[in-house]
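Numbering (UniProt numbering), first residue to last: 1 to 68.
Calculated from the structure, these hints are not laboratory results. Computed from a predicted structure; not experimentally measured. Treat each hint with caution, since some may be false.
To be verified - Mimicking DSBU-like on lysine-lysine, the simulated pairs with C-alpha atoms at most 30 angstroms apart in a straight line are:
#1 K47 to K57
#2 K55 to K39
#3 K53 to K24
Claimed, not checked - Label-pair restraints from in silico Cβ distances:
#4 D21 to D51: 28 to 36 angstroms
#5 D21 to Y41: 26 to 34 angstroms
#6 L4 to K53: 22 to 30 angstroms
#7 S18 to K47: 15 to 23 angstroms
#8 Q30 to D51: 27 to 35 angstroms
#9 K57 to L4: 24 to 32 angstroms
#10 K35 to N56: 29 to 37 angstroms
#11 L34 to K57: 25 to 33 angstroms
Heads up, the beta-carbon is just placed ideally off N, CA and C, and yes, glycines get one too.
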Amino acid sequence: MKDLHRAVDVMHHPYQYSDSDLEKAYEDIQESPLKEIYKEYYKRLYKRILDCKEKNKDVVGQIGYFGG
Numbered sequence: 001m002k003d004l005h006r007a008v009d010v011m012h013h014p015y016q017y018s019d020s021d022l023e024k025a026y027e028d029i030q031e032s033p034l035k036e037i038y039k040e041y042y043k044r045l046y047k048r049i050l051d052c053k054e055k056n057k058d059v060v061g062q063i064g065y066f067g068g
């Protein structure tokens, strides 16, 4: 992903993209020229997304990633 805006969009709308897109977006953000504070924010967001996906794995289709 060369487009940083797309990478940010993937991180904020993970349910609209595949897991590989999400992983690539995370990598692109970490390699981007963003300030460290933003990279840390996306690192934590990525971890929360993965945790929520794992937690909700058994109930896919019944509730969203964030329980909604």
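Results for each hint:
no., hint, result
1, K47 to K57, "holds, 15 angstroms"
2, K55 to K39, "holds, 24 angstroms"
3, K53 to K24, "holds, 17 angstroms"
4, D21 to D51: 28 to 36 angstroms, "violated, 18 angstroms"
5, D21 to Y41: 26 to 34 angstroms, "violated, 19 angstroms"
6, L4 to K53: 22 to 30 angstroms, "holds, 23 angstroms"
7, S18 to K47: 15 to 23 angstroms, "holds, 18 angstroms"
8, Q30 to D51: 27 to 35 angstroms, "violated, 18 angstroms"
9, K57 to L4: 24 to 32 angstroms, "holds, 30 angstroms"
10, K35 to N56: 29 to 37 angstroms, "holds, 32 angstroms"
11, L34 to K57: 25 to 33 angstroms, "holds, 30 angstroms"
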